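**Student:** Model the full assembly from the supplied sequences, consistent with the hints where possible.
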Amino acid sequence: MKIVIQDIGEFDLQPGQPLKRILSEIKKVVKKLPVGFKFQEEYLDWHTPVTSSLGNGELVELIPIYPDDKEALWFLRHTASHVLAQAVKELFPEAKLGIGPAIEDGFYYDIYYTRPFNEEDLEKIEKKVKEIIQKRLPLERREISKEEAEKLFSSLKEEFKLELIKEINEDTVSIYSQGDFVDLCRGPHVLSTGDIKAIKLLSVSGAYWRGDEKNPMLWRIYGTAFFSKEELEKYLKRLEEIKKRDHRKLGKELELFTIEEAIGPGLVIWLPKGALIRNLIENFWKEEHFKRGYQLLYTPHIALRDLWKVSGHLDFYAENMFPSMELENRAYQLKPMNCPFHIYVYNQKRRSYREFPIRFCELGTVYRFERSGVLHGLLRVRGFTQDDAHIFCREDQLEEELTNVLDLVVYFLKVFGFYEYKIFVSTRPEKFVGDPKVWDKAEEALKKALENKGLSYEIDPGEGVFYGPKIDLKIKDVLGRFWQCSTIQVDFNLPERFDLVYVGENNKFYRPIMVHRALLGSLERFLGVLIENYAGAFPFWISPVQLKVLTITDRTIPYAEKVAQTLEKAGFRVERDFRSEKLNYKIRIAQQEKVPYMVILGDKEEENQVVSLRSRTGEVLNNLSLEDLISKLKTENQPYYQLNERS
RNA sequence: GCCGGCGUAGCUCAGUGGUAGAGCAGUGGAUUCGUAAUCCACAGGUCGAGGGUUCGAAACCCUCCGCCGGCUCCA
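Residue numbering for the first sequence follows the working numbering, beginning at 746 and increasing consecutively.
Treat the hints with caution; some may be incorrect.
Claimed, not checked - Derived lysine-lysine pairs resembling DSSO-like cross-links, with alpha carbons at most 27 Å apart:
(1) K1018 - K1159
(2) K942 - K872
(3) K873 - K841
(4) K1349 - K1339
(5) K875 - K982
(6) K776 - K974
(7) K872 - K841
(8) K872 - K974
(9) K1186 - K1176
(10) K773 - K1018
(11) K841 - K869
(12) K988 - K1219
(13) K1018 - K1031
(14) K875 - K834
(15) K1018 - K772
(16) K880 - K869
(17) K880 - K772
(18) K1253 - K1186
(19) K834 - K896
(20) K776 - K765
(21) K891 - K834
(22) K1377 - K1159
(23) K1159 - K1198
(24) K1167 - K989
(25) K959 - K982
(26) K1327 - K1307
(27) K1219 - K1186
(28) K891 - K815
(29) K1221 - K1253
(30) K1159 - K1339
(31) K834 - K959
(32) K1221 - K1192
(33) K1018 - K997
(34) K773 - K834
(35) K994 - K1219
Treat the hints as calculated values from the structure; they're not laboratory data. Predicted, not measured: the structure shown is a model, and the values here were computed from it.
**Tutor:** Shown next, in the form of structure tokens:
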């Protein structure tokens, strides 16, 4: 049978033989050897037997994957995880192997052992890993029957592997080996352990077997591997960069927010500078909503417990809610969501079909009980403010409303510097309320709205909320990490439960559809993501301090004060540094505070009645008149500025 | 919640059983300086909380709280 490898050539291969058989032939005609191959959507390594079932029986067309291709790392890291497992088994023969996949930035292996692995173990293991790599052990693949596999892994006392084999539906399973080590594995792998040119073990932590807390806990060893040392270095630098941008660190340094032990875990205090940013964002948010026909609401933080019975939250959401409180024989409940309140606003009067769509928005603070182990800075908290809205509309308006919401999301994200995102449509889960036909319609409406906007999406099957399907947006920050913020959900359940109606054209009652949406998600999380995205250097319009006036000598203080006041009167947020310190020192401090502009004033500036402007990016503009400065800053002092800059 | 690590001045951290330390920040003083750290002095601590071991505990043991990295979950 013929194997055609794109850009390389045509080769003959006996069906059922691995591509390794033609390795030497290929070596003769290529400069760079592929790591593996792609056949349609599947990856093939050198070890996998090529059967005539691939392609049209006579001919198999493969696309080679080279070390520089992103996908190549998945081959390499999968092998790296096997090497890790081999090293652990050599050092700790009683250890039992769980699973060991390649992941986004590296790989891990879950391993059971009588005691946890510590730093020292990790060093020893890494040393062993490197030895195995240096031996340049070739990998071998074999297909064996399930019975054989069970025999093999029970002789190795690998109970977890036996459990995995039982769940495999095929008659045969594949195993990969290198040296004395053998592992149940689907592949793909590289040719030899020697292909791993750079590897580093990063951390150990506990992980339940198969992610279920009822199962025993294994030790998960994380690591990463590359085809070159330089790439590893680059990756480690990126880790450092991420650490530097950590919003918890920057939040403290820039005095944006605090979470106090004495106040409570997951409860955020906004410090003046952080509160200022938040307020600017909130004001912008409100304006944009007013422009788009939303009406602003304020609702209480607690409500009678019965409300949450009607809404279904006590049945479906109880584990995320703080316990209720009794007062004067009535039970109250801290709110985990804003929706029921908005429903009562809807119900203030008899609604007509002519009124739709009705759009209520609220910056609503909710409280959700999160298990202590999952709290994380601003990104995962127990009290947070959603930029929430509920749109009530007729079925025929749903698609348009969803399109409008998408428009608004995309716009907001752009304003805040996010241009890329992943979109997921979550469909009907197993436990759901309502009519499947209506669900289908809603899912269609969601997809249609995305398609109208030309946005591509992935389907997350069965991941919808019990009351309706949803669209989730995960935004990509400058470091390529994804964060879930925006969510758009179609809801048939609550209108039903609260018996919402409107009067139609024919004077009959109909039930409205509710769209629940949060664009930024929660202000806490969004600000956390913003801090990391900008590394604390906020765009001018939301910088808590926009300008810092620095004097060179005490002589200039009166002039500097005049300049500062002029800038303040023009509406900018100004700080003064008139201390008798050296200019270099003051610049350094302002730089660390990430203030966008420093206005530097000395004798020369005073004499000519001008300023010297230094931006935090290091650019210097001398002899700038105050009028020019103010007009320049006014242009920059608007949310759309960076949008305009980009386009 | 579970597993591991950590908790010392406002911040970053040193201190492994014998009198609580450094740098930065703060305060006072000197200096008047041109685009990323001027010098001197002073002040600052219930060593996360509680209990125990010991002649003696920041350090060793126990319990609790919080934080960090994961597991699971989500805005």
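**Student:** What are the numbers of the hints that this structure violates, sorted from low to high?
**Tutor:** 10, 15, 25, 28, 29 and 34
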